[in-house]
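All chains should be built: construct the whole structure from the sequences, respecting the hints.
2 protein chains.
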Amino acid sequence: MEDGTFESPGYSTDTCADPFVWDTREDCDVRQILDRIADKWSLLVIALLDTRSLRFSELKRAIDGVSQRMLTVTLRQLERDGLVSRTVHPVVPPRVEYALTPLGSSLHETIQSLVAWTELHQDDIARARQRYDDAREPQSV
Amino acid sequence: MEDGTFESPGYSTDTCADPFVWDTREDCDVRQILDRIADKWSLLVIALLDTRSLRFSELKRAIDGVSQRMLTVTLRQLERDGLVSRTVHPVVPPRVEYALTPLGSSLHETIQSLVAWTELHQDDIARARQRYDDAREPQSV
DNA sequence: CTGTATCCCTCAAGATACTG
DNA sequence: CAGTATCTTGAGGGATACAG
Numbered sequence: 001m002e003d004g005t006f007e008s009p010g011y012s013t014d015t016c017a018d019p020f021v022w023d024t025r026e027d028c029d030v031r032q033i034l035d036r037i038a039d040k041w042s043l044l045v046i047a048l049l050d051t052r053s054l055r056f057s058e059l060k061r062a063i064d065g066v067s068q069r070m071l072t073v074t075l076r077q078l079e080r081d082g083l084v085s086r087t088v089h090p091v092v093p094p095r096v097e098y099a100l101t102p103l104g105s106s107l108h109e110t111i112q113s114l115v116a117w118t119e120l121h122q123d124d125i126a127r128a129r130q131r132y133d134d135a136r137e138p139q140s141v
Numbered sequence: 001m002e003d004g005t006f007e008s009p010g011y012s013t014d015t016c017a018d019p020f021v022w023d024t025r026e027d028c029d030v031r032q033i034l035d036r037i038a039d040k041w042s043l044l045v046i047a048l049l050d051t052r053s054l055r056f057s058e059l060k061r062a063i064d065g066v067s068q069r070m071l072t073v074t075l076r077q078l079e080r081d082g083l084v085s086r087t088v089h090p091v092v093p094p095r096v097e098y099a100l101t102p103l104g105s106s107l108h109e110t111i112q113s114l115v116a117w118t119e120l121h122q123d124d125i126a127r128a129r130q131r132y133d134d135a136r137e138p139q140s141v
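Taken in sequence, the protein lines are chains A and B. Just so we're aligned, residue 1 is where the first sequence starts under UniProt numbering, counting upward by one. Just so we're aligned, residue 1 is where the second sequence starts under UniProt numbering, counting upward by one.
It should be emphasised that the hints constitute simulated quantities derived from the structure, not laboratory data. This structure is a prediction, so every number in the text was calculated from the model and none was measured. Hints may contain errors.
If chains are identical, the list can't say which one is meant, so a pair holds when it fits in one copy or spans any two.
What the hints assert, rightly or not - List time: in silico DMTMM-like cross-link candidates among lysine to aspartate or glutamate, alpha-carbon distance up to 25 Å:
1. Lys60 - Asp29
2. Lys60 - Asp50
3. Lys60 - Asp124
4. Lys40 - Glu79
5. Lys60 - Glu26
6. Lys60 - Asp134
7. Lys60 - Asp27
8. Lys60 - Glu119
9. Lys40 - Asp29
10. Lys60 - Asp123
In structure tokens form, the structure reads like this:
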């Protein structure tokens, strides 16, 4: 298992010496899952749910700009992927709790690392953008 | 009424007391940068460029399914954000090399961790999806 | 409260063609 | 080779209304 970088999936007879090319095919599972996880809303939901389980309305309030529809869609996808669990409390005003599953929790560390990086370097990026824009658009207005 | 859910932190001030709620606002830098980095193609480009610098056509070939346009757009964004450098060699057949900047390199570890997680758990996810789909669609056609 | 269903529209992105 | 420019499409996602 630790025999190398990322085990190059033998999906074809190409250069097996590739270090980081996990899989270049579009339909591969990794690409597909990556797209799901790296999703705008998924990322936020997972990060929020690590603190504690949250109700639908709590999530909606916590995530500025998310529509009811997109939150529902996102939660369904995460539930389907086994990252989030959905618990319905059969009370009069419906109460639904969302929580990370163990699988979802295992993702959280990575996501936090991504968020941490972003927080740490947001100024660098802002400066880089400034520099780039200045260089490309010297004509003011 | 106090927003009890997440102590709505003084956004104007700092959020140093919050564990994971980096910022809930839509227009915040972190959210914006996150969207950029977590982008479908950006992720792949950054991962690929860590190995070595690559030419435009090499990237295009390495990333299955990316259109010329999207690769160009992605590279421009990454360049603007200071994550990728672009070097034009003034030779007859134009030769443009893309490489990670130090800032881009610092991101790579995190991205690899995300990819590694995905590779590690893709089977779990596939099973979870199977279970979910089986439960929701018992009526076979 | 927690959704589902519908309509509708924007904008991301693919295809194509053309330049340096 | 490495783009840029244009056109077109379609799917993502918002708004709204309704149901359990």
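A quick look at each hint next to the structure:
1. Lys60 - Asp29: Between. Shortest inter-copy distance 20 Å satisfies the 25 Å Cα cut-off; intra-copy 29 Å does not.
2. Lys60 - Asp50: Cα proximity of Lys60 and Asp50: one copy only (16 Å, versus 37 Å across).
3. Lys60 - Asp124: neither (31 Å within a copy, 28 Å between copies)
4. Lys40 - Glu79: both (16 Å within a copy, 21 Å between copies)
5. Lys60 - Glu26: Classified as between: cross-chain Cα gap 13 Å, same-chain 32 Å, threshold 25 Å.
6. Lys60 - Asp134: neither (38 Å within a copy, 29 Å between copies)
7. Lys60 - Asp27: The answer is between: 16 Å across copies meets 25 Å, while 32 Å in one copy does not.
8. Lys60 - Glu119: Close inside one copy (23 Å), not across copies (30 Å); limit 25 Å.
9. Lys40 - Asp29: Both: 19 Å inside a chain and 14 Å across chains, each within 25 Å.
10. Lys60 - Asp123: Result: close neither inside a copy nor across copies, 28 Å intra and 30 Å inter.
In this structure, the earlier hints numbered 3, 6, 10 are contradicted, and the remaining ones agree with it.
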